[in-house]
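Asks: Required output: the full structure, derived from the provided sequences and hints.
If you read the protein sequences in the order shown, they are chains A and B. Number 363 in the working numbering belongs to position 363 of the first sequence; there are no gaps in the numbering. Number 40 in the working numbering belongs to position 40 of the second sequence; there are no gaps in the numbering.
Any given hint might turn out to be false.
Any copy will do: because identical chains look the same in the list, a pair fits if it lies in one copy or spans two.
[Stated by the list, open to error] Derived SDA-like pairs (lysine to any residue); straight-line CA-CA distance at most 25 Å:
| no. | residue 1 | residue 2 |
| --- | --- | --- |
| 1 | LYS375 | THR142 |
| 2 | LYS375 | ALA333 |
| 3 | LYS38 | GLN58 |
| 4 | LYS152 | SER280 |
| 5 | LYS410 | SER96 |
| 6 | LYS375 | LEU322 |
| 7 | LYS152 | ARG362 |
| 8 | LYS152 | GLY208 |
| 9 | LYS38 | ARG2 |
| 10 | LYS410 | HIS149 |
| 11 | LYS152 | HIS481 |
| 12 | LYS382 | GLU169 |
| 13 | LYS375 | ASN334 |
| 14 | LYS152 | ARG361 |
| 15 | LYS410 | GLN83 |
| 16 | LYS152 | LYS410 |
| 17 | LYS152 | ARG358 |
| 18 | LYS152 | ALA479 |
| 19 | LYS152 | GLY31 |
| 20 | LYS38 | PRO535 |
| 21 | LYS410 | THR158 |
| 22 | LYS152 | ALA48 |
Rather than coming from a laboratory, the hints here were simulated on the basis of the structure.
Chain by chain, the residues run as shown.
Protein chains: 2
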Amino acid sequence: MRRWNGWGDESTSMNLGEGARAMLAQRLGPGQPGQDAKREDLLPRIPASRLLEHPLIQHDASSRLAVGLGESYADWIRKRFGQLPPVPDGVAFPESGEQVRTLLDLAHSQRWIVIPFAGGTSVSGHLDCPLSERPILSVNLTRMNRLLHLDKTSLLATFGAGTPGQQVEAQLRAQGYTLGHFPQSFEYSTVGGWVVTRSSGQQSLRYGRIEQLFAGGRMETPVGPLVLPTLPAASAGPDLREIVLGSEGRFGILTEVTVRISPLPEHESFHALFLPDWDSAEAAVRALAQRRLPLSMLRLSNRIETETNLTLAGHERLIGLLQRYLAWRGCGANKCLLMLGVTADSATARHALGEARRELRRHGAVYIGPAMGSKWAVNRFKGPYLRNTLWDQGYSVDTIETAVDWPQVKSLMHAMEQAGREAFARFGTPVHAFTHLSHVYPQGSSIYSQYVWPTAPGGFAPNFERWQTLKRAVAEQIAAHGGTVSHQHGVGRDHATHLVDEKGPLGMATLAGLCRHFDPHGIMNPGKLLQDGGPWAD
Amino acid sequence: MRRWNGWGDESTSMNLGEGARAMLAQRLGPGQPGQDAKREDLLPRIPASRLLEHPLIQHDASSRLAVGLGESYADWIRKRFGQLPPVPDGVAFPESGEQVRTLLDLAHSQRWIVIPFAGGTSVSGHLDCPLSERPILSVNLTRMNRLLHLDKTSLLATFGAGTPGQQVEAQLRAQGYTLGHFPQSFEYSTVGGWVVTRSSGQQSLRYGRIEQLFAGGRMETPVGPLVLPTLPAASAGPDLREIVLGSEGRFGILTEVTVRISPLPEHESFHALFLPDWDSAEAAVRALAQRRLPLSMLRLSNRIETETNLTLAGHERLIGLLQRYLAWRGCGANKCLLMLGVTADSATARHALGEARRELRRHGAVYIGPAMGSKWAVNRFKGPYLRNTLWDQGYSVDTIETAVDWPQVKSLMHAMEQAGREAFARFGTPVHAFTHLSHVYPQGSSIYSQYVWPTAPGGFAPNFERWQTLKRAVAEQIAAHGGTVSHQHGVGRDHATHLVDEKGPLGMATLAGLCRHFDPHGIMNPGKLLQDGGPWAD
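Replies: What follows is the structure, encoded as structure tokens:
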């Protein structure tokens, strides 16, 4: 059973070892766990539905609460502290594109607000409901979760837009194929959600981002269907796929998604290496990316994250031995951990790994073999479960990510961590901030910073204020360094303020014009991408 | 000096050997060369300019004629037969983005029609002028041809949008870099033109299409500037770059283009192989593309093109020996020529070529070494010069291209050739039609068909009619097979009729909406992409 107020399935927990607890206590002071609100207490507080009875729409409080919040820190503390925001008035569970069409026609004619839902994993406020006079309908796509067509010659697979990652892969694997799109939210996030938020998976170095994987499909918009045919490439004017990608439910609801798949690889392995310090490590991954070696993953932790990961790993004695060995090989206190993935036919994998190790040696890397890499692969989707564990110990976690060209990577990484520390310093609260680069490109890199801090006493308000202060401070640094509002989590409501820094005023007007074009009554997911549709509860 | 009514520089000619002449005579009958119109006769027929005097605008007939026509077959016969269409009333030669801004503001306020010009190599009618009451201003960007900024860390280079391919490469090579974008029009076509028509280069397998190379830039639109920042990747809403790509002058004028460059490769070589027949050849290139071997080019000629190329090569005795050797190795009358390019560091090149040859052997390929490949590389931009030579011998040439998913490739290729044959049969005219795949993708391939036929006596009208019949017949086959309106030549006016088959009615309305958004007075390049802005001279 999926947790209603935390990440993932109730049967799965991640434990914190002694060393990790000690590190947290030392850096952040002892955590003070609070009392969580109960789902049963929230449900009766959900107001009566303002939606008409309709055979496709359910009005029960339980369904409505389940689609009303996502996985952002704000959503998390709303649930944990029982700070109930507006939730949809009803939830539809369409099973076909035709039913989505019916629902949209109804909503369009009645001026209902429509908020699409699928995996519910947004960390950017994509599910926020405005304080509106108009009824709000959630369209929950989770029943549209099947492989509809497989073309083995062109390597194309068509899925219902609500198919979650696990089911995408299970249905493809049964036939010998993979999509290869593995965001950390993979267990729950869906192929349609990936497209409309421009998601990126852990092995994007091989498979590409969802932009490269999305071959076509169908979007129902308030003014009619937009059908995107599959083509290997075209010079036939602006690419309408690229308008659907990142549309975040503003233009319509994606119902079918055709993706570019691959035969299951002959070989896949993950390897750990250490580099002596940040400068050599950054130069090394940049060189690998710019040489375009056929690797599938490069994930570089900075010094603090490296230390944190080694502490989290447990096995104190073994890790101690490793640290001494690494120090002897030149990777001491400033060392940085690089996880490298190779996914290819056997001959290409051998070539790529050999060339990568040669290149990395030139930058002082020490290779410690595949064991740590294999362990990473086993736990690759478990990271978010730690958030549950930390909360129970009295600590909060959030992540902020961006991407920027190489000359700004190091300074922006430092600025993001430092802005976080200064933000919490205003509240006299310590924070543990650390960073990795998980998607490297010839041109630059993503930057993914994580922040852990002691949850404040006093419930929702003080914790929400701390989080807003953090987000604002880090976003300002990102904008000042020319980074994107988001590399992989989308804009939602949480980043909409800053989008103008990236798109410019004419760019923002263009997006607003597209909203009016597809959605003349302004019913689709207001407040996401653009700052419209309010007021809001907070 | 560039030819005014043919391809390329006057100092360069391609000769046809005896064998090629014989083949043409045998297949098409003897060509009957006609008398070309003279530039001096056309110039006095250009009407007086309707544009105001302005320091940035020139009104002389010579400048106006030079920007009034492109390189489509229709443009070609207009020039050759002296069928003068409307040409712009004046030509501006801006040297900066500010001057482009000034010109657009002026045109916007005066409701002048604006047609951007740079390389003048369009083969899709991008330069056509409507029969309009409104004055027409050509904005010629050829003076904006410099490398403006080079970022060696992020491998980004910013050029004036009017920089032609040769100057892009020359300026990069001087610093040890390459863009790697080599369309056949490379000598004249420009980086800005590539972006707004979604161009593809011969080595797109390594470097990507211009979509992948275009990192950002600046477009001046009638309602203000659209600035596209460079970012390695982003999930921040719809990608506005993808609206500029393929915009064909409808939304504004691109002034600066930042592209993703590469260090000059350690190794580059081209290799010729033969496969026994089409089915084995298609399966082979599909396997190579789907294995994602790091090759830089795969160019597969069908049986008729293979035969034609071998005849065009001259060296009858040598080719005869080669044919006998190939037949002995299993590549007889149905053989297909594959040109394969490898561009990489030496180790990767060795790996890729080795693996590719192994894969190709499994499909019955015979490798004949790099000599023919090197010869191809030397002449890689000379193909269009043959058009001059053929014209002088009394023959016309045109090319039609598309891309489609793999299951349709073979049948569409046959249908394109057959539709051409049937189109000319209506006029009792023979045609020599042959095809290659020049851009292969895991999902499908481009298809590039060439047609050679005897130029009809009687001047412009009968030849224009034949050409229109050909284009229409082939376009219908492309649409019926689900192919794109164009893989690499853009839409222009020539393919605008068929764009709705690909974009659908809501897609077309979206493009029209974007036109109105950026260009509320409808001054920008009318009739291109969308069928508006007429009437037209033909």
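Asks: Can you name, in rising order, the numbers of the hints this structure does not satisfy?
Replies: 1, 5, 15, 19, 20 and 22
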